[in-house]
Amino acid sequence: MGPRRAGHASAPSAPPAVRARQRALTPTRRTLIVAVAAVLLIAAIATAVALGGRGGASTAGATQQTRVEPVPAATSLPIPAQSAAAVVAAKCDDTAVTTALTQGSDAEVIATFGGATAFRDLVASGAAPCVNLADPVREWVVVNKQRPLNPIEWEPDTVVAPADMQRTVDGRLRPAAADALTALVAAAQNEGVGAIGLNSAFRSFDSQTRTYNGYVNSLGREAADLQSARPGFSEHQTGLATDVAACDGGCGAIESFGGTAQGAWVAANAWRFGFVVRYEDGQTAITGYQAEPWHLRYIGLELAQVYHDGGFHTLEGFFGLPPAPDYVD
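Residue numbering for the sequence shown follows the numbering used here, starting at 303 and increasing by one per position.
These aren't lab readings, by the way, just hints derived from the structure by calculation.
Here a beta-carbon is modelled for each residue, glycine too, at the ideal position from N, C-alpha and C.
The reader is advised that the hints may include incorrect statements.
Distance windows between CB atoms, simulated [as the list claims (entries may be wrong)]:
#1 435 to 628: 15 to 25 Å
#2 612 to 561: 20 to 30 Å
#3 395 to 566: 38 to 48 Å
#4 566 to 410: 28 to 38 Å
#5 485 to 628: 29 to 39 Å
#6 496 to 607: 20 to 30 Å
#7 410 to 523: 41 to 51 Å
#8 463 to 410: 20 to 30 Å
#9 523 to 401: 44 to 54 Å
#10 610 to 492: 15 to 25 Å
#11 488 to 400: 33 to 43 Å
#12 395 to 508: 34 to 44 Å
#13 558 to 612: 27 to 37 Å
Model the full structure from these sequences, guided by the hints.
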């Protein structure tokens with residue numbers, strides 16, 4: 303063999319004994335590595351299971367806290383709440399109300415509705431259909447150009463003369479209205495206003511026919527309809543209406559009543575005695591008549607106070623009725 307070159311000398315090989323030891327250790331190391339890996343894997347699995355259990359319990363707890371209970375299935379149809387109008391309308395089914403309407407006085411009927419304010423409110427809103435505003439027997443009857451008396455020749459059973467007052471005619475009214483007018487006249491005198499006298503009161507159908515025809519003959523039908531009611535359409539026929547006059551040193555014409563001290567006092571105080579000024583100035587489009595400050599209409603003490611306190615100017619407005627400026631024909 304030739305001499306070795308220094309640049310390419312090989313590393314000396316391990317002695318045979320060392321190589322034998324290396325070969326002998328290799329299986330042991332492999333076994334150890336596998337064992338360690340197995341231990342680590344088992345530990346990882348155990349940790350995952352433990353964490354999973356705790357997490358599941360926490361999640362379940364959170365779910366339990368936020369869970370919304372299901373709405374139980376309906377076993378019957380829901381009962382709708384009654385409207386206010388339906389509840390109020392049932393007032394007409396009240397035995398006390400129906401009994402008062404058939405057997406009681408106006409005051410007794412009003413009391414069963416809870417007083418005059420409640421009575422008026424229910425009637426005006428249409429929630430008291432059992433109250434008949436066309437019943438001529440009742441003090442709350444409304445008569446106008448579109449609401450004739452029914453029957454058209456109806457008249458009250460009893461009319462009496464008011465006491466202790468001057469008069470230009472032998473006028474009579476239904477007893478309650480006559481007593482109220484007597485009290486009104488006395489109060490005006492006592493309060494220093496002056497004397498008030500009776501100019502007109504109840505008129506029968508035949509009497510109103512003569513009165514109306516007199517206006518037609520002198521003014522013509524169109525003008526007459528603004529100042530006088532046709533027979534069957536007159537409040538005077540109810541026995542609840544009266545025309546009054548100032549009577550200082552003799553009774554004056556009714557047409558001048560509005561400009562007198564008595565006229566001003568009546569406008570402000572008639573309600574205290576159950577009366578209202580039926581045809582006020584500026585209300586012709588509703589009532590169908592020119593202003594008549596002398597024309598008083600009795601509706602009873604309780605309703606008159608509600609009328610006054612509510613600032614009403616017509617019975618149509620008071621009871622929620624449509625305007626009646628003209629006759630239907």
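So, going through the hints one by one against the coordinates:
1. 435 to 628: 15 to 25 Å: 19 Å, holds
2. 612 to 561: 20 to 30 Å: Because 27 Å falls inside the window, the suggested range holds.
3. 395 to 566: 38 to 48 Å: Since residue 395 and residue 566 have Cβ atoms about 46 Å apart, the given range 38 to 48 Å holds.
4. 566 to 410: 28 to 38 Å: Holds: the Cβ-Cβ distance is about 35 Å, inside 28 to 38 Å.
5. 485 to 628: 29 to 39 Å: 36 Å, holds
6. 496 to 607: 20 to 30 Å: 25 Å Cβ-Cβ, so the 20 to 30 Å window holds.
7. 410 to 523: 41 to 51 Å: 43 Å, holds
8. 463 to 410: 20 to 30 Å: 27 Å, holds
9. 523 to 401: 44 to 54 Å: Between residue 523 and residue 401, where Cβ atoms are some 46 Å apart, the hint holds.
10. 610 to 492: 15 to 25 Å: 20 Å, holds
11. 488 to 400: 33 to 43 Å: This hint holds: roughly 38 Å between Cβ atoms.
12. 395 to 508: 34 to 44 Å: 41 Å, holds
13. 558 to 612: 27 to 37 Å: 30 Å, holds
In summary, this structure violates none of the numbered hints.
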